Each structure stands twice: as C-alpha cells, then as structure tokens.
Amino acid sequence: MRQKSYCLRPAGLIIGVAVTVFWWISLAQAVDFLSDESYEKPVADIAVADPIEPFNRAVFTVNDKFYLWVLEPVATGYSKVLPADIRDCIGNFFYNLGEPVRSVNCLLQGRFRDAGLTLGRFAINSICGVFGLADAAGHEFHLAPVYASFGETLSVWGVGDGFYLVVPLLGSSTLRDFSGTVVDGVAMATYSPWNDDALTTATAQGARTVNRTSLHLGEYVEIKSMSFDSYVAFRNGYYQMRSKQFDHSDAAKK
Amino acid sequence: MPQKNNLDKVTGALPDVWWSMQRKSSISSFLVSILTVFVTVFCTQSAVSATPDPTEQLRPFLKKVTETLADPGLKAIPKQEKSRRVIGVVRERFDFREMSKRVIGQQWRNLSEKEQGEFEALFTQLLQYAYVGKIDDYSGQQVQFTQQRVKGERAEVQTLLVDKDKSIPVSYIMLLRGDQWMAYDVVVEGVSLIRNYMEQFSEILRKDGYPGLVKQLEEKIAELEKDIKKT
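Chains as they are written, first to last, in my numbering: chain Y, 117 to 370; chain S, 955 to 1185.
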C-alpha cells in the first residue's frame, strides 16, 4: 500500500505539471484582443525572456546595417530589372518548395486536415502552377496557405522558447524557433534542386532573400521611423506575428 | 349545430366570468402590473442586446477614408495639411483617448488630468505623422470585410486590405460608446499597433518616467515633422 502511494505521487505530479504546462501554452497562444487583460499585461502573455539582450542588440545593429547598406540597395536594383509579377512568381516558387516540410510539420502537430491541404497545394501548384510559379491552389481552388514550422511543432510538443535570439542575417527568432528553422532547412535541402554543394545552396538562399526583400521595399525603414526603440519594436512585432501564425482557431482565420 | 350551442354557452357564461374577474380584480391587477414590469424589462433588455452592428458602422467609415485618400485634390496639397485632413476623418471612428489610455497601461491612473490630455494630443500627433507616408501609398486598394466578433462592449472587425497581388489582414478593435462603435486599436498581420507602442513606452516609463516619455514623443514628432516638410 505504502509503495503504491509512492508510485502514484510522481504520476500525480507529472499530470499536474502537464496540466499547468498546457494551461500556460494555451494562455501563451491565445491572445484575445477583446479582453482588457491583454492590454493591461501585454508583455507577459506573449513575450519570451531576453537574457542575452546586449548580444541580441549588437546582432540587431549589424543586421540593420547589412539591410540598409547591402540588402536594400541590391533588392532595389533587382526590383528595377524584374517586374513585380515575375518577382511574385519567384516568391511562389520558393514557398511551394517548402510545402512538403510544412505538411510533415502539420502531421507531427496532429493537424491532419492541414497536412492534407498543404500536400494538395503542393501537388496542384507543382503541376497546374508550373513548378509552383503560380499559386493556382490559392487562387483557383481557394486553398489558402497555412503556416507550419518545426519550431511550432516543438512548441506543440511542449518545448519552451528558451530565449529571444537575433540571428545574424536571419533576424528575430528564439532558441527553439531557430533550431526549428535549421531542421526545416536541412529537411528541405534533402529534396531541393540545389543540394549539390554549399555555394549553390547559399546562392539560392540569397536569391530568395533578395526576391523577398524586393517585394517589401521601404517597409523596414518605415517601421523603424515610427518606433522609439526599434529593437523593442521588432522584438514585440515578432512575438505578436508569431502568436498569430501559431493560432489556427477559427477566429484567427481570415 | 354544435357550434352554435358552444357559442351560446360562451355568451351565457360571460357574465359569470366577468363577475369572477371583478372579484379577483386585485389579484389580476397585480398580475398585470407584474406583466408590465416584465415586458418593460424584457423590452429594454432586448434593446440593449440589439446593439448596433460594428461592421455596418465601420463600413461607411472606411469608405469615407478610402474616398478621402483617393481624392485627386489631396495629391496637390502639402503633406502636413494632407495628414491633418485625413486625421480629421479618422477621428470620427477612432477614440484617441482610449488609445492613449491603453498604450500607457496601468500608469494612466497615476497621471493628472492635464497630463492625460497632453499625452493624448502628443500620441495623436505621432500617429498622424507616422501614417502620413501611407497616404501617398494609397492606390485604390479595396477593403473586404471577412468576419466580426462581438463580446459585450468589445468588438473585433476583421478585414482584408486587397492590393493587386497580395492582401493584408487588418483588424479593428472597437469599443461600444453609447450606440457608436469606436476603434481603439488596429492589428495589421497580427501585430497590434497599441501593444507594440505599449511595450516601447513601458520601457521608457520605467527608465525615465512620464517626463522622459513626453520628451521622447516630442523629439520623435519633431523628427517626423522635419521629414514631412522636407519632401
């Protein structure tokens, strides 16, 4: 009898911890704009700790300079060469390549409907959309893209954020989400057409980044000019955007 | 004819019923008064629950804003005047007092009436100048209403700002004031304007207090104003 109660105790503890963790996860993910609490305590519910702020700020400054001195001028020149609709197609092509990874992540998260939808999008866009250059699935079949990443999968499995991390060249992330990005990247490299050598992969990634930037020219500078502490503004924006990406409830869907 | 018999019976019975009603008049009047109270309460309650529709109030407002932005006459006038004209329209459905209150957060109560007014004016001006660049960006984008959520006196109206090849989700967070829904936050792609400024302001408030915040606001406004005048 006595031994049994000893056995039960850790089980109860685990259940208790699990319930608390899930409660926290649900609390952390559901940001209800209609409740006053989300305004009274805006930081606590979605924010992650930032213990390495001095390091992050340094990387932020480097990224900022890199963006202003290299990326934006290159993307501006590129945008003058290629018209916007062609650049959209290139963006679609890169996005389409990520669909299988997204589908697997949906499966790992138990979102079976989304997994099928993503795979369906991949099939439709690869065939009808000419290697994913056009988003036929979105426009003709009304299958809107869904968000999924390995960082999100880890979060569903109960892995915490760790801490806020500004990654060189990549920008805002957290320890968990950056690990997820690396895993997603490695998974994508197994089937992407440029997995031959590092240089080709880097060129493809660079092209993708320049293309993406060319479609959002001026936005970065504008947000910066509106903010008081752009480091804090982008950190907060990242948290908010991510909590929307991770929210797959009906209320969040457009 | 059974029908006629029935009718006779009813007419014959009427005086009896009448008298019995007279006898019970005190009870029935009591019941009637209760009924009246009940009906009155019910009616006022249903009047309260029949709140105006937030989307139906936002729709004409956004139409007016887009019409103002599309007005060819707006292109010719200087930027500062332009922003003043647009904010004048925006004021109709945006509650800048409520925005100020929320962006400051719990410290709002510690501010004096004068400080609250001062902050509201500064914050309004900040938004006016911060969004002035957006005015020229407008090129006929359409607003699509997707869905709304009402919870008591709060509402979220979700829209899509439809551009040529992309659409941006924009939500308006609104508060019921009397019979008018007034917006106090805009959420663009999941990022709330108020909550973003709130985190920045709370750090300034913690480090330099309210005077420090006013100083930074004034500096930012001057900086934006200089940019506006330059172009």
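Hint data in this document are derived by calculation from the structure and do not stem from the laboratory. Bear in mind that the values here come from a model prediction, so they are computed numbers and not experimental data. Take these hints with a grain of salt, some might be off.
Unchecked claim - Pairs of lysine to any residue, SDA-like flavour, derived with a Cα cap of 25 Å: (1) Y:340 with S:1158; (2) S:1120 with Y:181; (3) S:1120 with Y:263; (4) S:1118 with Y:258; (5) S:1120 with Y:167; (6) S:1036 with Y:342; (7) S:1105 with Y:336; (8) Y:181 with S:1105; (9) S:1029 with Y:341; (10) S:1120 with Y:258; (11) S:1018 with S:1129; (12) S:1088 with Y:335; (13) S:1120 with Y:357; (14) S:1169 with Y:342; (15) S:1118 with Y:181; (16) Y:340 with S:1034.
Consistency of the hints with the structure:
no.: 1; hint: Y:340 with S:1158; in the structure: holds (17 Å)
no.: 2; hint: S:1120 with Y:181; in the structure: violated (28 Å)
no.: 3; hint: S:1120 with Y:263; in the structure: holds (16 Å)
no.: 4; hint: S:1118 with Y:258; in the structure: holds (17 Å)
no.: 5; hint: S:1120 with Y:167; in the structure: violated (37 Å)
no.: 6; hint: S:1036 with Y:342; in the structure: holds (18 Å)
no.: 7; hint: S:1105 with Y:336; in the structure: violated (35 Å)
no.: 8; hint: Y:181 with S:1105; in the structure: violated (45 Å)
no.: 9; hint: S:1029 with Y:341; in the structure: holds (23 Å)
no.: 10; hint: S:1120 with Y:258; in the structure: holds (14 Å)
no.: 11; hint: S:1018 with S:1129; in the structure: holds (20 Å)
no.: 12; hint: S:1088 with Y:335; in the structure: holds (11 Å)
no.: 13; hint: S:1120 with Y:357; in the structure: holds (17 Å)
no.: 14; hint: S:1169 with Y:342; in the structure: holds (16 Å)
no.: 15; hint: S:1118 with Y:181; in the structure: violated (31 Å)
no.: 16; hint: Y:340 with S:1034; in the structure: holds (20 Å)
Against the hints set out earlier in the document, violations occur for numbers 2, 5, 7, 8, 15.
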